[in-house]
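Given these sequences and hints, build the entire structure.
Number of protein chains: 4
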Amino acid sequence: MTAVPADAPDVVRSAYAQLAVTDLTAARWFWVGILGFHIEYEDADFLCLRGTDELTHHSVVLRRAAAPALDHIAYRVRTPEDVERAARFFGELGGPVRRVLKGKGTPGVGDAVRTIDPLGFPVEFFYEIEHGERLIQRFDLHRGAEIARLDHFNIATPDIPAAYAHYTSLGFGCSETIEGDAHELYAAWMYRKQTVHDVAFTCGAGPRLHHLGLATHESHKVLRVADVLGSLGKQHHIERGPGRHGVSNAFYLYLRDPDGHRVEVYTTDYYTGDPDHETYRWSVHDDRRRDFWGNAVIESWYKDATPVLDLDGNPQPVADSLLDETAAKVGADGLG
Amino acid sequence: MTAVPADAPDVVRSAYAQLAVTDLTAARWFWVGILGFHIEYEDADFLCLRGTDELTHHSVVLRRAAAPALDHIAYRVRTPEDVERAARFFGELGGPVRRVLKGKGTPGVGDAVRTIDPLGFPVEFFYEIEHGERLIQRFDLHRGAEIARLDHFNIATPDIPAAYAHYTSLGFGCSETIEGDAHELYAAWMYRKQTVHDVAFTCGAGPRLHHLGLATHESHKVLRVADVLGSLGKQHHIERGPGRHGVSNAFYLYLRDPDGHRVEVYTTDYYTGDPDHETYRWSVHDDRRRDFWGNAVIESWYKDATPVLDLDGNPQPVADSLLDETAAKVGADGLG
Amino acid sequence: MTAVPADAPDVVRSAYAQLAVTDLTAARWFWVGILGFHIEYEDADFLCLRGTDELTHHSVVLRRAAAPALDHIAYRVRTPEDVERAARFFGELGGPVRRVLKGKGTPGVGDAVRTIDPLGFPVEFFYEIEHGERLIQRFDLHRGAEIARLDHFNIATPDIPAAYAHYTSLGFGCSETIEGDAHELYAAWMYRKQTVHDVAFTCGAGPRLHHLGLATHESHKVLRVADVLGSLGKQHHIERGPGRHGVSNAFYLYLRDPDGHRVEVYTTDYYTGDPDHETYRWSVHDDRRRDFWGNAVIESWYKDATPVLDLDGNPQPVADSLLDETAAKVGADGLG
Amino acid sequence: MTAVPADAPDVVRSAYAQLAVTDLTAARWFWVGILGFHIEYEDADFLCLRGTDELTHHSVVLRRAAAPALDHIAYRVRTPEDVERAARFFGELGGPVRRVLKGKGTPGVGDAVRTIDPLGFPVEFFYEIEHGERLIQRFDLHRGAEIARLDHFNIATPDIPAAYAHYTSLGFGCSETIEGDAHELYAAWMYRKQTVHDVAFTCGAGPRLHHLGLATHESHKVLRVADVLGSLGKQHHIERGPGRHGVSNAFYLYLRDPDGHRVEVYTTDYYTGDPDHETYRWSVHDDRRRDFWGNAVIESWYKDATPVLDLDGNPQPVADSLLDETAAKVGADGLG
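Protein chains in written order, with our numbering: chain A, 1 to 336; chain B, 1001 to 1336; chain C, 2001 to 2336; chain D, 3001 to 3336.
Think of the hints as simulated: they come from the structure by calculation, not from any bench.
What you are looking at is a predicted structure, and each value in this text was computed from that prediction instead of being measured.
Don't be surprised by glycine CBs; every beta carbon is placed ideally from N, CA and C.
Do not take every clue at face value.
[As the list claims (entries may be wrong)] The calculated label-pair distances, taken between Cβ atoms and stated as ranges, are:
1. B/Arg1134 <-> A/Ile39: 39 to 47 angstroms
2. C/Lys2102 <-> A/Glu299: 41 to 49 angstroms
3. A/Glu299 <-> C/Ala2006: 52 to 60 angstroms
4. A/Arg64 <-> B/Arg1134: 36 to 44 angstroms
5. C/Pro2161 <-> B/Ala1026: 52 to 60 angstroms
6. C/Glu2128 <-> D/Asp3045: 51 to 59 angstroms
7. D/Glu3133 <-> B/Lys1303: 17 to 25 angstroms
[Claimed, not checked] Here are a few chain B residues that sit away from chain D, every Cβ distance over 10 angstroms (derived from the structure):
8. Leu1024
9. Glu1184
10. Ile1238
11. Thr1326
Okay, here's the thing in structure tokens:
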């Protein structure tokens, strides 16, 4: 973890994402039944979900809506004062800043600030959140993919250097990148907590949410979710994998929920908490960067993503990407 | 698999065990909820259970009774004629032979023959049995220890050479033994199907049932059942393990059901189907024979076992063991 | 296992394959270093390899040659008399029959008979074979994919009904098939030992060897071999997978050796030893048949295969396939 | 991670332990061959070892000596100034403080400060350390237990509240405790990095080193090291386990190296980085606290430990424990 710039909020970690889904029953089948999330709260409009290792109220919130979208991603900050600091920080950046008082926003969350960040994403910062019963050793309740915790947000954005600069200004470190011959950035993985990432950028039309990264404890749990989907004749929910990422070393499986939201069920990354942790740089020409085994990336994985909403719930406009990683035709991994 | 002696029935495999249990609800919690058996049939008195890989009606039958016991172990034979052959074979041995017509005995089983074998055990031979829906790839229904199939019976008997001789006369091969300095037999593992065993003999007071061996597919499934029992505060159902057996190479965990019946949940053995498959002999002084990692055997594991019933449902008398393996005090493994 | 027809040799199992390779050093890197086979015998021309669970001399033999090919597949039979029976059986079928005396053929193998079967494949039958040291529990020597044993031959052949009929005449049972709407056979899996198969038929130009199926004990061992190949920058040896087959339930990974010979490293199948074991039939339209998770099959997997030699070492002519499974365009699995 | 007290050094994590061993060849067999550590540096007197995920020079240093002992444990601090802060902090506590210049102390480490802490342990603080080649994805070099990283020190100390107070003054958080009926502390687990612990205290005669905690990625890697030791007839190096700890949720195996130094090979803990992370308290009467499956603790595990040296290399005197956890006779877990 790098030091926090003086004016920036001290972000602890990626905390939760709120997704708009069109059918809470179908979403529940997927997120609870298949992924194994635990329901911490539900009403007619919301489902608040938590992984087995998570001690705070939720890491995924599903909101009933007319169309699929990302409401916002949310970062937890270190102190209540950091919520104020977030308001000032994003106010100075010129974005809209909206205070959401406890009880008025997402269930379980205390006073929060929401903004549209310079990349066009709706982002919430909060300190206070309710805690939940410890489920770490409630093995009797673990099921499906046995998701332990939300690990990261992967966002599709047209301008990777801009995304890198913005998150650097928030004190995020950079664990890995994909770079071209002239060191132009195709993708970057950035962190506050001591893992490979809290947020990563996929070069593409944006702002859109590429996927939520969900950690589970061992590789057999990743395989099981694929087996179960096959059993049910729901194998079309499997988009890509299983495979080993070059970047991050994650053993991964990409799924699409009933609304098309993408999740990565994965296991294994590594500790990044040392003060001089160095960025590991992949060449865009290394066909192991996206799949360490050289398997081809599915086209939809590069192209599809979830639209994001502004603070009033209207879709954010989408801009085309400046670079196209799929044009780097190398081995099985490029799309050609 | 060795050739079948001319007068003996052609045994295919250990097929099922029928256990008397005192509380079907409690037994169901254990066998269905914890072990993951599927219920193929149930009524007020019987619960017929099947593992995920098993295609015949059941491999474990639980019968409601006043006291815990083994009703009988059952072997499937190759043809209907082998049922007749079994009747003649055991009749000539002087034991009681009882014909149990389809519909009059255990649910799902066709015409059968029951006897008390020379070792004092109640044994059934049958050919016909109902088939069940294929669950191998119904991963959505797999739960608990995800038991795939019954693998073997382990019986406690005072005279191991006599047990060895009897099963040899039935055409069983011998995969492994535990032997003393003068090659006196302390234990033996014998098979018809192409695994390490269908039946094994533990030297001890008998006739009693030592345990049922239940196969699951990977080691993490063995660990999970222990985790779940700990979660529920039911850790006293764990008697021994997990560990690796020297004999058979099984990665094992021994559990006791609510009535004290012992099961071994295990994974990994090896193919024994070649015609010249050789017996592998362990010295009783090798402290890896019972646990390849040298961990001590729990005393109850050697001492406790399930009483067996005669054909009229009365307890068979029990004789003391001729040899005592626990007297072989070697390293961690002997009890001293 | 079905009964053996009166005139047919009693085949115990698929025993070994002898492959012609162009560079023994490169082949050794792959088969020993990556797959983890143990070298039982080597000289300037031969490398005899054995898996960790195998107790006979070898299951794979690599022979130094000018061009890659299959020398022969070999089945072990139950008795020395069955070798004679094989000679008569194939003689009556009209194929060439050649006796190979102990010491004159493949190292470690006793008197054998070689023939070209009606499908055009070079096949050896033998009873006698040297035994090797037990490695099952020599975990200190296990490495790479920790291959436990050769499980099956998968052969590419143009006429699946003809292949099915021939192996049925040898007493093989059929565990699974892929069938069209009019029950036309696209593929079949047939066995003598109590697993899903000893031999399987892939519809394609033939006679050619599609792959050797190699069993390992747990899914993480399958994943490890892919990781190691990625580490070494040898990911192009990975052709397809990992994935779960619908047919056979195997968790698989297909690799190509330095000469292009294909191997399947897999884990998990199921017991087929009951006398009334039923064939499980997949529709060619079920996109889970080849990958239970609906992932697309790589085109080379259907198209490439190893040429086979006649008894004099000359390439067998290849005929085109009668059916084309890849024309069944269903979901991700067909090629279109 | 809690905030760092103003006068205390900002500790990043437990970084390495330096052990005195009597035979570097024997130690190398164990630490490199069995555990899978990579040798980063060696000379006639030192062996510097690193796990597969570790990017700094070493996490374990073995020093050739006449008798087994702990030279020192070492914590990495956030900045060079924190090394100075450590010197002041421990100087004010009245302990000896010795500066060890780069090149004069442990190979690979920059300027450091060594002290004897109030608990009697030799402790080093450093910022600068050489980096090593990234091995995370060098799967071809991973072997044995595939140790990924040193996770924690477990120290035997007679006065747990004193240990707790000392590490609290250094800004360590407390993840878990074992407590008596009156909340008297029997044991505590404390952390700076975002895992369950960097240091833990076992109530016992001390100062002594109880064990080094070594993380590996999946449970099958823990099992493999036990299998390999059994293969080699070295099963006496296995002291306890495998099992699941109640505290920390680690799946563990305790080994003793050729000098008797104890290591825990384990997998799975959980994230503790949130600012309001709460301490989880176990009752000393819960027989799942030390083994979640209720298996008995081996007596030597409570009694044996490694002596520690003062800054001149002389053994520190040992005081008896104030409390005896083994007197809490509960179920299988107490020793009675």
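Hint-by-hint comparison with the structure:
For the pair B/Arg1134 and A/Ile39, the supplied restraint of 39 to 47 angstroms is violated, since their beta-carbon distance comes to about 33 angstroms. Between C/Lys2102 and A/Glu299, the C-beta spacing of about 57 angstroms breaks the proposed range 41 to 49 angstroms. For A/Glu299 paired with C/Ala2006, a C-beta distance near 57 angstroms keeps the hint of 52 to 60 angstroms intact. Between A/Arg64 and B/Arg1134 the beta carbons are some 38 angstroms apart, a value that agrees with the proposed interval 36 to 44 angstroms.
Distance hint for C/Pro2161 and B/Ala1026: a CB-CB separation of about 54 angstroms, consistent with the stated range 52 to 60 angstroms. For C/Glu2128 and D/Asp3045, the hinted distance range of 51 to 59 angstroms is satisfied, since their beta carbons lie about 57 angstroms from each other. The given range of 17 to 25 angstroms is broken by D/Glu3133 and B/Lys1303, whose C-beta atoms sit roughly 55 angstroms from each other. Listed as a non-interface residue, B/Leu1024 keeps its Cβ farther than 10 angstroms from every Cβ of chain D; the least gap is roughly 26 angstroms.
The beta carbon of B/Glu1184 sits about 24 angstroms from the closest Cβ of chain D, which is more than 10 angstroms, so the claim that it is off the interface holds. Distance check on B/Ile1238: its Cβ comes as close as 5 angstroms (rounded) to a Cβ of chain D, failing to clear the 10 angstroms threshold; non-interface status is violated. Distance check for B/Thr1326 against chain D: the nearest CB is about 17 angstroms away, which clears 10 angstroms, and the non-interface claim stands.
Hint violations for this structure: numbers 1, 2, 7 and 10, all remaining hints satisfied.
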